[in-house]
Every structure is written in structure tokens, then in C-alpha cells.
Amino acid sequence: MAIHSAPFRELRLDGVRRDFGRLSALKGLSLTIRQGEFIALLGPSGCGKSTALNCLAGLLPITAGSIWLDERRIDVLRPEQRGFGMVFQSYALFPHMTVRRNAGFGLTMRGVPKAEAARRIDEALALVRLGEQAEKLPGQLSGGQQQRVAIARAIVIEPPLILMDEPLSNLDAKLRLEMRTDIRRIHDRLGATTIYVTHDQEEALSLADRIVVMREGDIRQVGTPAELYAQPAHLDVADFMGYRNRLAGRVVETAADRVTIDLGDGALLTGLRCEDLSGTGIIAVRPDDLSPAAAGEPGVDATVRAIEYRGRDFHGLATRPDGLELFFRSDTLLETGSQIRLAADPTRALVFAENRA
Amino acid sequence: MSASARAPGARVGPSKATQRPPLRLRLAARGIDGVTLLVLPALLLIGGLFVYPFAYGLVLSFTPKEGGALANYVRYFSDPFLYDTIWTTLRLAVPVTVLNLLLAIPIAFRVRLMRHQRLLTTILILPITLGTVLVAEGMLFYFGAQGWFNRAIMLLGLSPVPVKLTNNYIGVFLSLLITGFPFTFLLTLSYVTGIDPALEQAAATLGAGPRARFRHVFLPLLAPGLAITFCLSFVQAYSVFPSAVLVGEPSRVTRVISIAAYHAAFEEYDYSMASAIAIIMAVIQLLIVGAILACRQFFYRGPVAGTKG
Amino acid sequence: MHSNKSVGTKLWATALWVLVGFFVLNLLAMIASVVTSSFATRWLGTWLPAGWTTRWYVFAWNEFQLLDVLLVTFQVVFAVVVLAGLIGVPAAYAMARRDFPGKPVLLVLFLLPLLVPPITYGIPLATVLYQSGAGGTMLGVILANLVPTVPFVILVMIPFIEQIDPRIEAAARVFGAGTFKLFVHVLTPMLLPGVLAALLLVLVRTLAMFELTFLTAGADSQTLVVALYYSVFAAGVRSIQSVDAMAVIYMLTTLFWLLIALRFVSPTQIVSTAKRDTSSHG
Chain A
1 MAIHSAPFRE
11 LRLDGVRRDF
21 GRLSALKGLS
31 LTIRQGEFIA
41 LLGPSGCGKS
51 TALNCLAGLL
61 PITAGSIWLD
71 ERRIDVLRPE
81 QRGFGMVFQS
91 YALFPHMTVR
101 RNAGFGLTMR
111 GVPKAEAARR
121 IDEALALVRL
131 GEQAEKLPGQ
141 LSGGQQQRVA
151 IARAIVIEPP
161 LILMDEPLSN
171 LDAKLRLEMR
181 TDIRRIHDRL
191 GATTIYVTHD
201 QEEALSLADR
211 IVVMREGDIR
221 QVGTPAELYA
231 QPAHLDVADF
241 MGYRNRLAGR
251 VVETAADRVT
261 IDLGDGALLT
271 GLRCEDLSGT
281 GIIAVRPDDL
291 SPAAAGEPGV
301 DATVRAIEYR
311 GRDFHGLATR
321 PDGLELFFRS
331 DTLLETGSQI
341 RLAADPTRAL
351 VFAENRA
Chain B
1 MSASARAPGA
11 RVGPSKATQR
21 PPLRLRLAAR
31 GIDGVTLLVL
41 PALLLIGGLF
51 VYPFAYGLVL
61 SFTPKEGGAL
71 ANYVRYFSDP
81 FLYDTIWTTL
91 RLAVPVTVLN
101 LLLAIPIAFR
111 VRLMRHQRLL
121 TTILILPITL
131 GTVLVAEGML
141 FYFGAQGWFN
151 RAIMLLGLSP
161 VPVKLTNNYI
171 GVFLSLLITG
181 FPFTFLLTLS
191 YVTGIDPALE
201 QAAATLGAGP
211 RARFRHVFLP
221 LLAPGLAITF
231 CLSFVQAYSV
241 FPSAVLVGEP
251 SRVTRVISIA
261 AYHAAFEEYD
271 YSMASAIAII
281 MAVIQLLIVG
291 AILACRQFFY
301 RGPVAGTKG
Chain C
1 MHSNKSVGTK
11 LWATALWVLV
21 GFFVLNLLAM
31 IASVVTSSFA
41 TRWLGTWLPA
51 GWTTRWYVFA
61 WNEFQLLDVL
71 LVTFQVVFAV
81 VVLAGLIGVP
91 AAYAMARRDF
101 PGKPVLLVLF
111 LLPLLVPPIT
121 YGIPLATVLY
131 QSGAGGTMLG
141 VILANLVPTV
151 PFVILVMIPF
161 IEQIDPRIEA
171 AARVFGAGTF
181 KLFVHVLTPM
191 LLPGVLAALL
201 LVLVRTLAMF
211 ELTFLTAGAD
221 SQTLVVALYY
231 SVFAAGVRSI
241 QSVDAMAVIY
251 MLTTLFWLLI
261 ALRFVSPTQI
271 VSTAKRDTSS
281 HG
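Residue numbers (the numbering used here), protein chains in the order written: chain A, 1 to 357; chain B, 1 to 309; chain C, 1 to 282.
Chain A with its partners taken away, still in its complex shape (with noise of 0.2 Å):
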């Protein structure tokens, strides 16, 4: 068997496409992985990016393109052969065979001997902090608890590869909370290179070296967490990215590198320009940077609708007579009904093109 479990320099996606039918899933997708990442692939439920995951394990074959480890083409082998570890959503733990045995089991179909195989098992329960219930069968453990067996099951043949499909999204929030960090400290104390697929973008941010921002099939944006926050190059990433307000417009003034957007009868708001535009544009701000402004300065005119205590602050919605909806940030508690200006602080508000297909 072709099992590759010695480290590698870099994994490459080369033009993968993977089609179901008419649809496609994958369009395309070329990515560049080096030894020791951990690269999260971050989008919306049907971006295509369980399907990645998926063609990397070998579970699903790939309509075209290609898959290399190094110099070896891997899309060719079947999963049994590519050494890669995972942890699936559901854990897929086998329901019949106790905690150290489900851990075990990739050595066992190795052939290690069973002394050495007993001291790794223990290795790695113990890394999970398991230890205790090697005997028990998967139905006694809790959510977390499973969890962590397949962790340990996928980390205790030593993989060049662990690859990991949204593993808490199963979990309530404090469990979530420290697992991720369970998670992130394993990969650092292996070495491994991880890829990690989730729709959670704080999750992403926390975890991952490099984010692989995915959307329909293809890929919007590569790049470290602080590059996605503070320059997404991409209206889907800023959508990620928490830029809530997303408002239309026809484009009035352009100077350097900021434009302005009329929103329609007069209401303006200017940011940074990200794309060529054409005569109309999109303008992506956070809630945060979208405030009541200041005597006489340009904004857009709307009514409060909701405002909600945040403790240091307040968080708002407010909509304007031909529905658009605003979500923007105060100091002060503002009276629902009211009439209010606001505007972007222009440095930090995004302008894209108009979404094409």
C-alpha cells in the first residue's frame, strides 16, 4: 500500500473540478498547501467546500484536474491508500468497538504490533484528554467526548494530513470555545498540516495560519485572518468578514482611491474603492463603522426601528422609506421612530463592483 507518512513540502490542487450531473460543485479550484498550515476553508453551506474536502480524502472522485503531494499524484489513489487522517461532522466513531479500540483502529489496519500500538493509543488519548475512558463504547460518551475520540483516532497514525469537516459544529458554545483551542494546540504540538472546513468565521479566524475564503465552487480569496478583516477583495468575504451592510448605489464622485455612492435622493456615503467600477457600486460597512453623524456632514437619512444595550455601546437597525435596512452603532440611546443621519467612516467602508453571476 502507497502510504505516504513521511512529511511533505507542499500540497497542490491543480484545476480541481468535481461536477454532480449538470451542477458544479467545485469549478476549478487551485490551492497551494505547505508542510505545517493550518488552512481553513471558510464559506456558506453548498460552497463547495465539504466537496474539497471530500475529493482531498479520496471519498469522492474528481471530474478533473489534479491532486499532488510533492511530486506524487494522489487524486489516482483510492482513501485506504492516501495515509490522510479525519474527523467527520457526525465523528463517525464505530459504535461497536470501545474508545481505545476506535482510536486504534488505523494501526490496527497498519499491522503495528500491539505493544507499540497500546503506548500510541495512550499517547493520544491522552493529548485529548481522554485517557480515562479508553473502555467505554461511544454510545456512554458525550458529544464532546466522541469528539475527541476522533481526534485521537485520526492523530494517532501520525498523518501527514488531518483533515477536519466542520468537527464542532455539533457542540454548544462553551464546549465549542474550548475545543477549538484543544485543537489548535494538537496541531501545533504534531506538526501536522490541518485543513479545516467550517461556516463559522470567528472560527476561522482563531484557528487557521491562512483562510480560504469559498464561494459556488470557487475560491474568493487566499489569505492570512488579518489580511481578510482588514482588506476583503471581495464582496462574498466581506460578507464573511462581518460587513452587514451591503447598500447600492450609483456611483457620483470618484477621487484617488475613494468613491461615492449615492443611495438615492441624496444620500451619500463614501469608502475605499476595491474593484473598476462601472456607474453603479456596492458599499460594505460594519455595524461598528456606521454611526450617527456629526452636524452637517453627507450621510444616508433613515428612522430607527430597533436599538439594543451592548453594554459599552448600542447596536441599531434602522430602515429608510424604500426598505433598505441599516445596521449601525450608537453611544447614546436613540428613541425607536425617530429620524436619524448616519454615516461610514470612509476608511474603513468598501466599495465593489455589482455582484455579477
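No lab work stands behind these hints: they were computed from the structure. Since the structure is predicted, the reported quantities are computational estimates derived from the model, not experimental observations.
Chain B is nowhere near these chain A residues, computed Cβ spacing over 12 Å in every case: (1) 75; (2) 286; (3) 345.
Now the in silico label distances, taken between C-beta atoms and shown as ranges: (4) B:297 with C:190: 34 to 40 Å; (5) B:302 with C:105: 20 to 26 Å; (6) C:9 with B:297: 30 to 36 Å.
Partial chain B-side listing against chain A, Cβ under 7 Å, derived: (7) 204; (8) 205; (9) 206; (10) 208; (11) 209; (12) 220; (13) 300.
C-beta: ideal position from N, C-alpha, C; glycine also.
Model the placement of chains B and C on the given structure of chain A, informed by the hints.
Only chains B and C this time, still in chain A's reference frame:
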């Protein structure tokens, strides 16, 4: 309220609090009320038409036409014409069931990956729906000396003369296969599809090839279900009757136990003996099914749909 | 999954498909041969008959008194369907909604007639029926056929009823519905699909149920399948083609109801009711 007079406006004394709640409420607390009584007609039906006849038959079997209480059983086990029927029946039922299961498992594995299963499963329930009598009738013609099957065999040069496939052991065996396989297959398929596909995927990523996946993941999880499938299929084959008569040799090679019971009841009019044979039939069945189910205890019998996902 | 199957896997798959194909082919051919024979003038020693005719159907109709047999069959079958529904559905409701002492025993009792083969309990049952005078009559046949069908209805309906949130019934009561109104306005519409499916399955199964009717029927209370058996049994005396004609009539009847049933249930459900309940009992 007690019958003794109370002053108007007087509060109810402690005696009421220690009184037991009325019977109706006490029964309701234990789950018995008007709704529960809805189960009564069905209970009476099964009690009168299933349990009672068995009990009656049991008693009847110990009151033979002549001889002591055990005369029927003694006669059964001392007359080869009678006790051979056990061996004859098992000789048919066990191999057929085993063969059905051995065929059903791999085929179910293939079919679960199919996308248009429904056509196949619909065709396969035809024998079950049409029933043993029609299958026997069809077999007499199709597998007979003049039938298409033998013609095809001779045309392909597989045999110079027609192969005798009816009115013998093979005929009954085939008939049990035709009506039994779909049943076994559909049952097995439902067990196989009940296993979470992610389990197989996980095993593959850990290095397990197809045979290892079958041995370590599928088989242990399927075993309890297969035991039940075996029992249900066996019971069906064991109670073979019309095909043993129509496509078999009911007086000799395929004289199964149900024929012996029928013969005693409706040809000798010896209901006592017939009941005894029916009891023996039930007991042997129970022993075999019981043995299989006892083995089932050794396997994991919990949910196979994978872990909490 | 499974990109890139190995050659061995592909060969194995092909072999299995050949087996399945062989089975299906022979099955369909067997049915076809019966149909062909029923339309044949004479058929001896050749691949296809010498000529075609429909006279065997007329002959069979008269010879086997098929009109009477069909009438009896449908009376029996519909009586069984209606009674099984009337007895079984309320019982299933009680079993699903109430937890009373002795319930596990009752569950086993309702499971047994489905697990014990008909011939095993049929002989004692026939004995009792004959002793009490109901043997050989249509009543006896109906009673006998109720034994496996009532538990079938119960076991099919229990999980169906359990799926209905009892809080819906509670809500109806809160809004003023008494038990009767509850049944008519809330329960019946929700239960209807399940009841319909279950009763269709009962219909198909009773049509094909041989042993019980065989043991309890008299000369004038035979269902179609029993009449078919007798005519095959005595086939030496009668021409095989007329028997085949009768067989085709039986097939059409059964298949007609099967097709209707398949609109509501999947083929697997016709088979796997017993499995679901035995597996839930560990």
C-alpha cells in the same frame, strides 16, 4: 362528601385529605382508562383465535384416540414415516435459508449503492406478493421438461436431455429460493442501509480496504440483524406446504412436517395427532430460533446509525 | 465513495449483477410462460404455441366457477380488511398512547402471529373452528385470516401513531374538542395515510394467504388462491391451459392491488414490518 350534615361554609376536614382517590383516577395513574380499553377487542381476538387454539391443541395432543397421554408423541418418534419428516423439512429449510442469506448479503451491499433501487425491489416483491401457489404453478410449466428453461439449457448445449427440476427435492428447493430470496434480500437491504455510510468512509480513510471494511465494520454491526433475518427466513422455509405438494414429491422425498400434520387432521381425522405434530413443529422451530437468538446476544446490538451527528 | 475501484472489485460486482439478472430474468420468464400458455391453442414440444386463443379463459370461468370464487374472495378479503382496521387501529392507538401494566406481554402476543408460520397455528385453529361449527364457512375463513392481519395492522400503526405529537391532541382538547371530535377532526386526517397503507397491505397479503384459508374453507368458501391450488393439484384431469388461465386471473387480481398499494408504500415496507419490531426489542 360524607352523608353526615355539615354546617354551611364549614371547611372540609382532614378526613377528606386522607381518603384514597377514586378507583378511576388510581387506574388512570397506572395507565388504564377508556382509551386503554380500545385494546380489548384485539386482545380477545388473539386470545381466542391464537392462544386458545394452541392451548386447546396442547391439551388435545395429550388425549389421543388410543393409548396413554404421551401416545401421540411416542407414536411420532417411533414411526420413521413420521419422524423422518423432521429431517426432510430441515434438509430443505436450512440449506435454502443459508443460501438465501449468503446471496442476499453481497447483493444487498451492491444494491445499496444503486440510485434506482425501486425498480429492482418492485420486481423482487413479485414472488412474495404472488404467493407460493402461483410460483409453484409457474414452476411446473417453466421448469418442466417442455418448459423454456430446459429448452434453453438444451439449446446452449449444457445438457442433452431435460433436467428434472420439478416433482422432486430440487423443485421444492427452487420454489423456496424463489419466494424466499426476495424476502431475505429486502430484509437484509434494510439492515445494510441502516448503517451510517460515514462509518465506512471513516474506516477507508484509516486504511481499511473493502474486505477489511466488511470484516471490521459491517459484519459486526450487521450480525444481530442477520440473525433475525435468518430466523424469519428460516421460519418461512420451514413451514413450506403448498410447494412441497405441487412441485415436490409429497409422499416421499418432500414429505415435510406440515404435510404430516395436514394428513393427520384432514385425511385421518385424528385431530389429536395433528395437534401433537403441530406442537412438535412449533417446538423444533422454537429451539432453532432460540439458539440463533442466543448467539445474537454476543454482538453489539445498539444503534448502528453512527454516533451523535 | 470509491474513486478508482480495483479490477477485483469490478469483477465481483459484475458477477453479482449477473446473478441478480439471472434471477430476475427467470422470474419474469416464468410469469410470461404462464401467460403465454393461457392464450395457447395447443402447446407441446415447441418454443411458442401453435396458435392463440382466448377460449381457455371462458372455459376456466365456467369450469372453476370463477364468478362465485371471485365473489367469495372479495367478500372475504374486504371483510378482513375492514375488520382488521376497525379492531387494529384503536388497539394500536391504545398501545401507542398508554403505558399500562402488562403492555410488554401484549406486545409479544401481538407479535407472535406474525412470527409463527400460518400452518403451525392454522391446524390448531382449524380444529377449534371445526369443533365450534364455524369451520368450512366464510365466517371461519374470515376469522382465521384476522389472526395474522390484526397484529399486522397494530404493528404497522403503532410507530405511525407514536410519531404524532400527543401535544397536538392535548391542544385540541384545550380548545374544546371532546374525544369524538378529536377523532374526526384531528386524528383521522393525520392517521389516514398510514391506515390506508396498512389496509392495502392487508388486502394484498390476504389475497395471497393460502394456508389459513386452505385449512378452514369449505367447498363454497374458497378464495381464488385456494381454488387455484386445487386445480393445479388435480391438473392431470384438467387441461393445463385452463389452469394457467385461472392463474393469470389470480395474478392480475393480486398485481392490480399491489400496484395500488405501491403508490402508498415502498416495496421494502411490505416485508420489513416484523423486522422493525423485533429489532426494537433487542
